Amino acid sequence: MTATDTHRAIDAVWRIESPRLIAGLARLVRDVGLAEDLAQDALVAALEQWPESGVPNNPGAWLMAVAKRRAIDQLRRRTLLDRKEGELSREIGARLEAAVLDLDASLDDDIGDDLLRLVFTACHPVLSTEARVALTLRLLGGLTTGEIARAFLVPEPTVAQRIVRAKRTLAEARVPYQVPRGAELTVRLASVLEVIYLIFNEGYTATAGDAWMRPALCEDALRLGRVLAELMPREPEVHGLVALMEIQASRLGARIGPSGEPILLLDQDRGRWDQLLIRRGLAALERAEAIGGTLGPYTLQGAIAACHARARTAEETDWARIVALYDGLAELRPSPVVELNRAVAVGMAFGPAAGLELVDGLTSEPSLTNYHLLPSVRGDLLVKLGRFDEAQQEFARAASLTRNGRERALLLERAGQCQRRSEPLQRG
Amino acid sequence: MRFMMLYKPGRETDTPPSQEEIARVGRLIEEMARAGVLIATDGLQPSSQGARVQISGGKFTVTDGPFTETKELIAGYAIVQAKSKQEAIELAKRFLAVMGEGQSEIRLMHDTPAFDARSAPEPGKAERRQAPASR
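Going line by line, the protein sequences match chains A and B. Residues in the first sequence are numbered from 1 upward in steps of one, following this note's numbering. Residues in the second sequence are numbered from 1 upward in steps of one, following this note's numbering.
Among the hints, a few may not be true.
[Claimed, not checked] For lysine to aspartate or glutamate, the following DMTMM-like pairs were computed, each having C-alpha atoms within a straight-line distance of at most 25 Å:
1. K8(B) x D42(B)
2. K85(B) x E339(A)
3. K85(B) x D113(A)
4. K93(B) x E357(A)
5. K93(B) x E48(A)
6. K8(B) x E230(A)
7. K93(B) x E230(A)
No wet-lab data here; the hints were simulated from the structure. The structure presented is a predicted model; accordingly, all values stated were derived computationally and were not measured.
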C-alpha cells in the first residue's frame, strides 16, 4: 500500500467511523465541539502512524482507543481547572478511569442512543438552519468542510466559520447531550427531518450553480434518513421521509434529457426509474403506515410519490387517490402551493374544468403573484378545454415570469402552438 | 455511488452454515443497514441448484450445476452506497473479516450520479422546488 492509498483508506475509515466516534466521545466529555476535536486528534495520529504501520484490522477501535486516551487527559485537565487546588486527587483519577471503562463496556450497546443524541444536538433549534445543515453533514455525514462548501457552492472558510460558531453556540447555550422526550420530541424531530429533507432537496433541485441537481447530496440525505429510520423505528414520519426520498431519488436518472433539459414527471421514461429504490421507498411507506395514527406530512408526500411510482405508465396514475392525499396534506400544512398541486391532481382526476375552477380561486393569492407555475398550470388546463386564446396568454405570462431559460423556451413554444391552433377557429 | 460487492468464498460446500455463522452475518448486515450504507443483499444457494446458460454462434448451451471451478463461484452479493471506492473497500474488509475467508469483488454500478456532471444551467431553479406534479 502506498502512502496515497493509506491516506485514501484513512479518509474512508473516517467517513465510516467518525459519527460513532464523535457520538460516543460527546457522551464522555459532554461537548460536541470537544468530542469532534478529540476525534480529529485521533485522525491526525492515524495519519502519522498508519502509513508506517499499515491500517489496523479494526480501525474504528484503534481510533476510539486513541481518542479516549486524549479524552481522559482532557477531563483530568478540566477537573484540575475546576477544582483550582492545582492537584488532582487520586480518587478523581480513579473515578475517571472507571467512567471510561464503563464507556468501553457500554459503547457498543448504546451507540444507537449516542448517535441519536448527536442527531438532535446537531439539529438543535438554538442553531440557524444553515448551521444545522452544515453541522449535520459534518458530524453525521462524515463530510469534510471542503466537501460541504463545494456541495453548497459557498467558500470553504464560510462553512468552517459556520461550524465553529455552531459548536460555540451549543456550548454557550449548554445544550444538554440528550434525546428529547414527550411533546418536545415531536417538535425537535420535525427540525431533524426538515434538515435532512433540506439537504435532499438541495441535491434534487440545486438552487445555484451549473448543475440542475447534485445527486451526491441526495445520497447523503438518504443515508442520514436511513440511519435515522433504524434509530427511531417507531416514528412513522421518519419512515415517511425515507419513503419520499427513496422514491424521488428513483427518478434521478429519468428527470434530465440528453442536453440537460429537465423532463417533467409525466413525460419521463419510466423504464429509467430505479426499481430498487422504488421498492425500498414502498417498503418504507408500508412501515410508516403500519405504525398507525394520522398520516403526517412526509408520509402523505411519500404516498403521493408512491402513486406515481406504482403506475407503469402516466395514464395509469391513480389521480383520485392523489387528490385524496393532497386533501390530507392541505389540512395538515395548508399552503397555496399545496392547493395548486391539488388543483393539478383534480384536473387529472375529474377533468380540466374542475381543476380550472380551483386554479381560478388561487389567482388572487398574493404569494403566487409572480409564481410562473400558476399561469403555466392554468394554460395547461385551458388547452385541454380548447380555449387556446386564453391559454396562449397564460403561457406567455408564465414565460415572462420564469428565470429559467430552458423553461422559458418551452413555455414560449407552447404559447406559439396555442396561437396556431386558435387562428383557424377565428378565421372560420 | 453505488457498488456491488460479489462475495467469492473460494470453495463450495453443501454443509449449510451454522447458527453461529448465520448470527454473525446477521449482525453485520444489521450494522451496515444501521449505518445507512446497505441497499440490498442476499446469499446464493450452492451451484448445484443453478445452471449456466450460454450463447455462442447463435446456439444456446445449458449446463446444470454444480460447477467445478469453485474459485470463481459467487456465494452472495451486497449493493452498498458509498462515497468512494475506498469506502466500499473498507466495507468489504468488514464483511470479509466476518466471513474469515474468500474475496470480495467490488464493482461500481451504473447509477444516477453519472449524471452529476451533466448540467442544466440557468438561474432561477428555486421555483422548481415545489412544481406541481413534483418531479
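Tested hints:
A C-alpha spacing of about 13 Å is found between K8(B) and D42(B), which places the hinted pair at or below 25 Å, so the restraint holds. Restraint check for K85(B) and E339(A): the C-alpha separation of about 44 Å exceeds 25 Å, so the hint is violated. Straight-line distance between C-alpha atoms of K85(B) and D113(A) comes to about 29 Å, which puts the hinted pair past the 25 Å bound. For the proposed pair K93(B) and E357(A), the alpha carbon gap of about 61 Å is over 25 Å, so the pair is violated.
As the CA atoms of K93(B) and E48(A) are separated by approximately 22 Å, the hinted pair is consistent with the 25 Å bound. A hinted pair counts as satisfied when its Cα atoms are at most 25 Å apart, and K8(B) with E230(A) does not qualify at roughly 29 Å. Between the alpha carbons of K93(B) and E230(A) the distance comes to roughly 23 Å, so the proposed pair stays at or under 25 Å and holds.
Violated hints, in rising order: 2, 3, 4, 6; the structure is consistent with all others.
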